[in-house]
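Engineer: With chain A held as given, fit chain B onto it using these hints.
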Amino acid sequence: MNPVNYLYLAALLFTIGATGVLIRRNAIVLFMCVELMLNACNLAFVAFSRMHGNLDGQIIAFFTMVVAAAEVVVGLAIIVSLFRSRHSASVDDASLMKL
Amino acid sequence: MSAAAVHSLWTTAATSPLKEQISKIDAPKIEYGQLSPTLIVIGAAVLGVLVEAFVPRKSRYYVQVFLAVVALAAAFAAVVGLAAGGDGTTKAHIAAMGAIAVDGPALFLQGVILLTGLVAIFTFAERRLDPEAHGNRVDSFAAQAASVPGSDSEKAAVKAGFTTTEVFPLALFAIGGMLVFPSANDLLTLFIALEVFSLPLYLLCAVARRKRLMSQEAAVKYFLLGAFASAFTLFGIALLYGYAGSVSYATIADVVDGSIQNIDPALADTMGNDALLLIGVAMVVMGLLFKVGAVPFHMWTPDVYQGAPTPVTGFMAAATKVAAFGALLRLLYVVLPGLRWDWRPVMWAIAIITMLGGAIVAITQTDIKRLLAYSSIAHAGFILAGVIATTPDGISAVLFYLGAYSFVTVGAFAVVTLVRDAGGEATHLSKWAGLGRRSPLVAAVFAVFLLAFAGIPLTSGFAGKFAVFKAAAEGGAGALVVVGVISSAIAAFFYIRVIVLMFFSEPKADGPTVAVPSPLTMTTIAVGVAVTVVLGLAPQYFLDLANQASVFVR
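Chain order of the listed sequences is A and B. Under the working numbering, think of the first position of the first sequence as 1, with each following residue one higher. Under the working numbering, think of the first position of the second sequence as 1, with each following residue one higher.
Looking at chain A on its own, in the form it has when it is part of the complex:
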């Protein structure tokens, strides 16, 4: 199968993730959409790696997974602390600093 099709799929997943970040209101869902974007990047890296016949892209995919895992640790800690003090994970409720 032509590897370009995988790139289209990656772009599609990335766009779905980005759209989700923009339209959803729950911090956890937003965060899952960001993870979807990172996974779309991974797919693009691996597809390009196959096209170019070198391993750089596959290795970067591993790094991305580790970064995504680290981001989960930090992100969930922050979102859970926000949820525990407000009983809501909605990003619209977090508006103390609006002018």
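These are computed hints drawn from the structure, not numbers from a lab. If you're wondering where the values come from, they're calculated on a predicted model, not measured in any experiment. Positions of the beta carbon are idealized from the N, C-alpha and C atoms, including for glycine. It is possible that part of the hints are untrue.
[Unchecked claim] Facing chain A, a subset of chain B residues (Cβ under 7 Å, in silico):
hint, residue
1, TYR32
2, ALA227
3, ALA231
4, ALA238
Structural biologist: Using the frame of chain A, we list chain B on its own:
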């Protein structure tokens, strides 16, 4: 098929050629000496995590502060040693198998980041501003970040005298990432450094002692938007990798120029696809512009600057900007000079809206931390004007500006921590009325910083702005200089307004008090004033230094 033949499908004899091949793989060559500043800081951060695990709670604070200060001082000494040994000029080279560049801009910015990090750590360690809680001196950070604000567990944590000493290793990790960021020489290192310095900053934003709901809100906003922006950066990196078949800066630059040798069919195919290159560059640059807080990627800046604990705000306002502009400079000057006719118009537009947008919106602000946030956006625009110059003078002007600006910022936010009322820091501008009558020294110091932000002569801000605008004008961006001067004038208005408010209005009866800090914060403020005045009165030596350091290695 015989059993032995099947077996050989997944086993191999001990003396096969494959095994010899594996033993012949060259181990990567790591130049530990050239990388020592980063290694010292990251090593100290790892030690700091161990300190959290093994040292008794009573002595953790002292051990952590000692460790952080010694590590940053040692790393700065290492940077000075490398620069004196010529690694920044004649012996500039690429280390760690092509991952990290050791050259003038990298060493200069690493030195600036380490020094601002050092003076910022002093404000982290300050324990005399808040009143004592149950006989324990407390700093700006929550007793226990995990406890719910206002809950019994929080009161118990305060009573037990807990403090979040984890902020010191977190700050060291962030500084370690910032040291790598401007010296990254491939896109993978760039991305990893971006995450290594961003993730600790998200956490640091969330751990304020006072106004904890705001602090948590700031952290959530910073985290979600930061993760969103870094996902864009990563997809841009993927597209650039697809375009050039490599993430190394030098290879991508060759492919962009068309000067690359031995093109294989796959590369010939992707090289012809300008969409990959242009969209990829746009997305990577967007991620960097988010970190520097340029309009239209600035929306997080005011909220995060206002909500984060003020020492953290000062630290990230200064050091993040230095690191991110370093990375942006290297990307645009080393990787994409062949594409400058495409990126210059876009950066022109971004610089103009950043300068004007930051300066105009700042006028309406009523909170001192938000005001400084918008002022930092305007300053990002001024620095972008120097970046657009695409001349060696542009590089040195940007380096000088970053050095001057970062110390003013750390100093200004340190002064903000001193002005307090019953609820913690009194950040509303109306509270600052008449401060000059009540504590002339603090108000005078803050006035010096504001004049430096405004770029009044005899301060470092003027020297920096002059250098940047001069470089931009010589680089053919005259219109940009005109816009820059106009927005400087607008910005001067609100800086002067704060000075007038402090010195020429009557103090309110229920006004804030000015806390007397320990020598730690005094050192931070004194260093800020000293750098501001010295760089304002005698900038030549430092301009020469930035000039010598203005050549990228490729």
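Engineer: Restraint: ALA231(B) near chain A, CB-CB cut 7 Å. Satisfied or not?
Structural biologist: 4 Å, holds
Engineer: Take the shortest C-beta to C-beta distance between ALA238(B) and chain A; is it under 7 Å?
Structural biologist: 4 Å, holds
Engineer: When the nearest CB of chain A is found for TYR32(B), is that gap smaller than 7 Å?
Structural biologist: 22 Å, violated
Engineer: Can ALA227(B) be said to touch chain A, with a Cβ gap under 7 Å?
Structural biologist: 5 Å, holds
In the structure shown, a violation is registered for the earlier hint numbered 1 alone.
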